[in-house]
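We have chain A already, so just place chain B on it with the hints.
For the record, the sequence lines run as chains A and B.
Numbering of the first sequence is given in this note's numbering, commencing with residue 1 and proceeding in unit increments.
Numbering of the second sequence is given in this note's numbering, commencing with residue 133 and proceeding in unit increments.
Worth flagging that the hints you see were computed from the coordinates, not collected in a lab.
A portion of the hints provided could be inaccurate.
List of simulated lysine to any residue pairs, SDA-like, C-alpha gap at most 20 Å [unchecked claim]:
| id | chain 1 | residue 1 | chain 2 | residue 2 |
| --- | --- | --- | --- | --- |
| 1 | A | Lys129 | B | Gln196 |
| 2 | A | Lys129 | B | Gly216 |
| 3 | B | Lys261 | A | Val69 |
| 4 | B | Lys261 | A | Pro101 |
Below, a sample of chain A positions facing chain B; criterion: calculated Cβ distance under 7 Å [stated by the list, open to error]:
| id | residue |
| --- | --- |
| 5 | Glu3 |
| 6 | Thr7 |
| 7 | Arg75 |
| 8 | Leu128 |
| 9 | Pro130 |
| 10 | Val131 |
As the structure is a prediction and not an experimental result, all values here were calculated from the model.
Glycine included, every Cβ here is placed at the ideal spot set by N, Cα and C.
There are 2 protein chains.
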Amino acid sequence: MTEINYTLEPIGFVESPITQRENAPSQGDEGAPDAWITLNRNIAEGLDGVHIGDAMIVLTWFHQSKRDVLKLHPRWDKNNPLTGVFATRSPDRPNPIGLHPVTVLEIKSNKIKVSNLEAIDGTPVIDLKPVI
Amino acid sequence: MTEINYTLEPIGFVESPITQRENAPSQGDEGAPDAWITLNRNIAEGLDGVHIGDAMIVLTWFHQSKRDVLKLHPRWDKNNPLTGVFATRSPDRPNPIGLHPVTVLEIKSNKIKVSNLEAIDGTPVIDLKPVI
Numbered sequence: 001m002t003e004i005n006y007t008l009e010p011i012g013f014v015e016s017p018i019t020q021r022e023n024a025p026s027q028g029d030e031g032a033p034d035a036w037i038t039l040n041r042n043i044a045e046g047l048d049g050v051h052i053g054d055a056m057i058v059l060t061w062f063h064q065s066k067r068d069v070l071k072l073h074p075r076w077d078k079n080n081p082l083t084g085v086f087a088t089r090s091p092d093r094p095n096p097i098g099l100h101p102v103t104v105l106e107i108k109s110n111k112i113k114v115s116n117l118e119a120i121d122g123t124p125v126i127d128l129k130p131v132i
Numbered sequence: 133m134t135e136i137n138y139t140l141e142p143i144g145f146v147e148s149p150i151t152q153r154e155n156a157p158s159q160g161d162e163g164a165p166d167a168w169i170t171l172n173r174n175i176a177e178g179l180d181g182v183h184i185g186d187a188m189i190v191l192t193w194f195h196q197s198k199r200d201v202l203k204l205h206p207r208w209d210k211n212n213p214l215t216g217v218f219a220t221r222s223p224d225r226p227n228p229i230g231l232h233p234v235t236v237l238e239i240k241s242n243k244i245k246v247s248n249l250e251a252i253d254g255t256p257v258i259d260l261k262p263v264i
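This is chain A alone, in the form it adopts within the complex (with noise of 0.2 Å):
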């Protein structure tokens, strides 16, 4: 049996006027504004196929976050119950990887904007998946 390769490879990173983990809206749909994804354009490929107006799946790594988590106040309010990690949606967990539901608005070659993103810019982009 080989050994599992647990490595991310970023497929590309996110650019958007939100610069600071303290802004970002706690889930896409409360505010989080439009931004653009840029592939790697190695594997930029990989997008055909993608259309305007697709509803995907933007799954990103919160490289900012704890890994070491495992209960908190659910949207860093005390007066929530001190809750288990894996019945929340927080950054804060052991493998902080995001899932954005979006639309796709423009595709320009390795880049492709997307609506409704709640997460800084760099943060880096692990896939995308249509939604099924």
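Coordinates of chain B only, in the frame set by chain A:
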């Protein structure tokens, strides 16, 4: 700026009657079996607040995938036109993360049973998130 750590830590593993990739359905609603996920004991408290009947998304790491595939024939059918990997849900992709919508059926300390999980026995689990 500190260097980004892109290494996933598995939080647990799938126990499933499906042992061969060829026998896994393409999507969970096409006949995937119920399956247990055994979480590492040291992170099991992250399940507090997860309840039977909850709709969740299980994130897996398709450890048997090819990661250099950028175009493919969807559903391994040559009659389907060659398509960019990001327009498909193929497990062969640069970062082979699977998203599995499931319902929680049972919870026993560090084990959680879920419905319709199209992942083979031994698949690493990397995250659990509530559907919101």
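Status of each hint after checking the structure:
no., hint, in the structure
1, Lys129(A) / Gln196(B), "holds (19 Å)"
2, Lys129(A) / Gly216(B), "holds (11 Å)"
3, Lys261(B) / Val69(A), "holds (14 Å)"
4, Lys261(B) / Pro101(A), "holds (14 Å)"
5, Glu3, "violated (10 Å)"
6, Thr7, "holds (6 Å)"
7, Arg75, "violated (12 Å)"
8, Leu128, "holds (4 Å)"
9, Pro130, "holds (6 Å)"
10, Val131, "violated (10 Å)"
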